[in-house]
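Colleague: If you want the building blocks of each chain, they are given just below.
There are 2 protein chains.
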Amino acid sequence: MNHLLSEGIKATPPSFVRGILQAASDPGVISFAGGLPNPISFPQEELLKSMERIVKTYGSNVFQYSITAGLPELRQYIADRYNRIYGMSLTIDNILITTGSQQALDLIGKVLLNKGDGIIVEKPTYLAAIQAFSMQQPVFYPVALTEDGLDLEQLEKALQNPVKFIYTIPDFQNPTGLTYSAENRKHISEILKGRDIVLIEDDPYGELRFDGERLPYIGAGKLPGSILLGTFSKTVTPGMRMGFIISENTELLKYISIAKEASDLHTNIFSQYLIWDYLEHNDLDVHIAKIKTLYQRQAQAMMNAMDKYFPPTVQYTKPHGGMFLWVTLPDGVSAMSLFPRALEKKVAFVPGDPFYIGIENANTMRLNYTNADCETIEEGIRRLGGELQSFLNRTQHP
Amino acid sequence: MNHLLSEGIKATPPSFVRGILQAASDPGVISFAGGLPNPISFPQEELLKSMERIVKTYGSNVFQYSITAGLPELRQYIADRYNRIYGMSLTIDNILITTGSQQALDLIGKVLLNKGDGIIVEKPTYLAAIQAFSMQQPVFYPVALTEDGLDLEQLEKALQNPVKFIYTIPDFQNPTGLTYSAENRKHISEILKGRDIVLIEDDPYGELRFDGERLPYIGAGKLPGSILLGTFSKTVTPGMRMGFIISENTELLKYISIAKEASDLHTNIFSQYLIWDYLEHNDLDVHIAKIKTLYQRQAQAMMNAMDKYFPPTVQYTKPHGGMFLWVTLPDGVSAMSLFPRALEKKVAFVPGDPFYIGIENANTMRLNYTNADCETIEEGIRRLGGELQSFLNRTQHP
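Just so you know, the sequences run in chain order U and G.
The opening position of the first sequence corresponds to residue 1203 in my numbering, with each subsequent residue numbered one higher.
The opening position of the second sequence corresponds to residue 1203 in my numbering, with each subsequent residue numbered one higher.
Do not rely on the hints blindly, as some may be mistaken.
Any copy will do: because identical chains look the same in the list, a pair fits if it lies in one copy or spans two.
To be verified - Below, in silico cross-link-like pairs of lysine-lysine (DSS-like), each with a Cα-Cα straight-line distance of 25 Å or less:
{"id": "1", "residue 1": "K1317", "residue 2": "K1456"}
{"id": "2", "residue 1": "K1492", "residue 2": "K1251"}
{"id": "3", "residue 1": "K1212", "residue 2": "K1456"}
{"id": "4", "residue 1": "K1325", "residue 2": "K1520"}
{"id": "5", "residue 1": "K1520", "residue 2": "K1510"}
{"id": "6", "residue 1": "K1359", "residue 2": "K1548"}
{"id": "7", "residue 1": "K1359", "residue 2": "K1388"}
{"id": "8", "residue 1": "K1395", "residue 2": "K1325"}
{"id": "9", "residue 1": "K1258", "residue 2": "K1492"}
{"id": "10", "residue 1": "K1395", "residue 2": "K1359"}
{"id": "11", "residue 1": "K1317", "residue 2": "K1212"}
{"id": "12", "residue 1": "K1388", "residue 2": "K1520"}
{"id": "13", "residue 1": "K1424", "residue 2": "K1492"}
Since the hints were made in silico from the structure, they are not lab data.
Looking at chain U on its own, in the form it has when it is part of the complex (with noise of 0.2 Å):
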């Protein structure tokens, strides 16, 4: 079989985390490590009521096949909401509708990679986009993010490497929770211009802020090659597969479309009626609200169990939105050595590895807050807690 495998499928991680969430599923177990909005964000009523109405209205293109680019009024509603929010001058030109963001990952890196290609990632980053990005072989040039976003330093001295393109998720970053600065973003957008490398600023969770103003993006709208990742699945639903890139490089865009053509020729046509209908009959920034204040009050609730059990060593970010903070660990001390610790008390999480390029037991873990109640969150805490200070005091006191 060995023989027969690409060197790029040999050179892509499986999901670490879907190890993990099998190890969660045991129902006494509370899981941190999953990634799952909760169901109140699910509008189920109102989407019932809308397959009713596009069935009954549009009757059988809702079940044929349909053009690449995505359903047009749902993209005119992409790029009416953008431009509304952010000054942008977008037509549906700009739009592409992928199956969830992760392909439109997986679409990039085809579209602009070769073998041994250089990109800039964070330190950590999302770890579905390393695996996307490594079924083409590139050279990952890790740029540490720290709490006001990129390292500046690192990275100007990565983009002396002959680079493709930077990934970046300025806001409420998937693994740590961070959001980069209005200055931060000024700094990177400076550092950029001119160059010609790709800007990606994925921004699955940008809608989800429930402390402090929206910040601009650092290229959308501003720098010509950049390219922006937007998704309803934090917003409406995630098993539909509904995300979108936004572009002003319509000649990128095409390449694009001509990857993902071959990749599934369209997306789900029904599920895109389906949300631009619902988008049409409904209050979408209604909708949000309720999910902003409920993950708020969640956040809350991690961050005050953590104070009150967790370790003073043991330190942790403080997320303005998203679903998900992230645990810094004594020195040398392996949150994969915790894990299994942990799971036998019932409570679970991701360690840091999967996050980075290339580093094994790091002293870090992401716990997402959005899919358990107040009570539920504490009491896995505490269970977390109890753990830590013991594997602590074994570990750092032998």
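Start from chain U and add chain G according to the hints.
Modeller: For chain G alone, coordinates are given in the frame of chain U:
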């Protein structure tokens, strides 16, 4: 821009057919160019009932993230159906749900192909398979497709090259409408036995046989390395992009699953529940019988009209099922050159070129008969026949 692009995307032809469909979208044009199932094949009322049922019964599960391999219940239905009809012994571990069959082609290319690897394809073959595989820059070894199936001499010769897989469409092939004979299948199976080569049987149309008896698969259930591709696009709805991979090689499926996860995490779970619920509550065979009756009538209408209106030097295949037939013009006559003239007469088809590797001005064309009523088919063939006659007069007696 160009210097940022990957070699893979530069090697991938944009779909010719999409351009043609655009040209043929003028409402006055009778188009035999598309590959659209007839809307009769979409059980709209029943699907709407299933939507209401699954939202009521499974609630947030139909909207949430899900597992990469696909809904276990749907995979079980598929396993049961193939076990029943073909005497296979599949379990759900032999089935992976894909975002349409097109994604299966993309995933297979990703998992098996390095740049320069050899693959055997039919000559002519499905153009979007050429597109999907081209992304990996393989070397294509085309083997002529005859009335009986693959040319066995050419197959043996092609197999002298280092080859990773063979891509076939044994039933009602796209584009030719040809079906491999039982004899030809047996010979291919014998030739491949013991060789370390993956046989891909792409079977989107097999359920649509309106003439003669079902024939056994070449490799599925027999050759351990073989892959069988199926889809609900031609029997329930293409718009939801719901295909599947069947293989007894669970090791290979594991790698395909990693590639799928990196590509789009999982296929639209709402649509998986929907198709499964529809299949559980309706008799698929009764539904398919209606489609077959219609397609047989349409195919016959097209053949009758061709006998009436086409010059006698023009030949065509007589399909036993599926959606297409294949027209061969006299030697040296370019169907591509005929296309703009036919379009002026308000009739469209797909010239043969994009179905070959590196052949231009082929004397062949693909006609689709499923998406127009019999009167429209007759009128379209009348127009095409007239233009064909005068085109042949001009090109053959200049």
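Colleague: At 25 Å max between alpha carbons, let me know whether K1325 reaches K1520 within a copy, between copies, both or neither.
Modeller: within (18 Å within a copy, 60 Å between copies)
Colleague: For K1395 vs K1325, is the C-alpha pair at or below 25 Å within one copy, between two copies, both, or neither?
Modeller: Classified as within: same-chain Cα gap 22 Å, cross-chain 49 Å, threshold 25 Å.
Colleague: 25 Å Cα cut-off: does K1520 pair with K1510 within a copy, between copies, both or neither?
Modeller: Result: close within a single copy only, 15 Å intra versus 77 Å inter.
Colleague: Is it within, between, both or neither when you check K1317 against K1212 at 25 Å Cα-Cα?
Modeller: both (13 Å within a copy, 14 Å between copies)
Colleague: Measure nothing new, just compare the shortest in-copy and cross-copy C-alpha distances for K1359 and K1548 to 25 Å and report within, between, both or neither.
Modeller: Answer is neither; intra-copy 43 Å and inter-copy 60 Å both fail.
Colleague: Could you figure out if K1317 and K1456 sit no more than 25 Å apart (CA to CA) within one copy, between two copies, both or neither?
Modeller: both (22 Å within a copy, 23 Å between copies)
Colleague: Quick one: K1359 to K1388, C-alpha cut-off 25 Å, is that within a copy, between copies, both, or neither?
Modeller: within (18 Å within a copy, 61 Å between copies)
Colleague: At 25 Å max between alpha carbons, let me know whether K1395 reaches K1359 within a copy, between copies, both or neither.
Modeller: The answer is within: 16 Å in one copy meets 25 Å, while 55 Å across copies does not.
Colleague: Given a CA cutoff of 25 Å, do K1492 and K1251 count as a within-copy pair, a between-copy pair, both, or neither?
Modeller: within (20 Å within a copy, 30 Å between copies)
Colleague: Please sort K1258 with K1492 into within, between, both or neither, judging by C-alpha distance up to 25 Å.
Modeller: between (30 Å within a copy, 22 Å between copies)
Colleague: Could you place K1424 and K1492 in one of the four classes (within, between, both, neither) given a Cα distance threshold of 25 Å?
Modeller: neither (32 Å within a copy, 55 Å between copies)
Colleague: State whether the alpha carbon distance between K1388 and K1520 is at most 25 Å within one copy, between copies, both, or neither.
Modeller: Cα proximity of K1388 and K1520: one copy only (22 Å, versus 65 Å across).
In this structure, the hints that do not hold are numbers 6, 13, in rising order.
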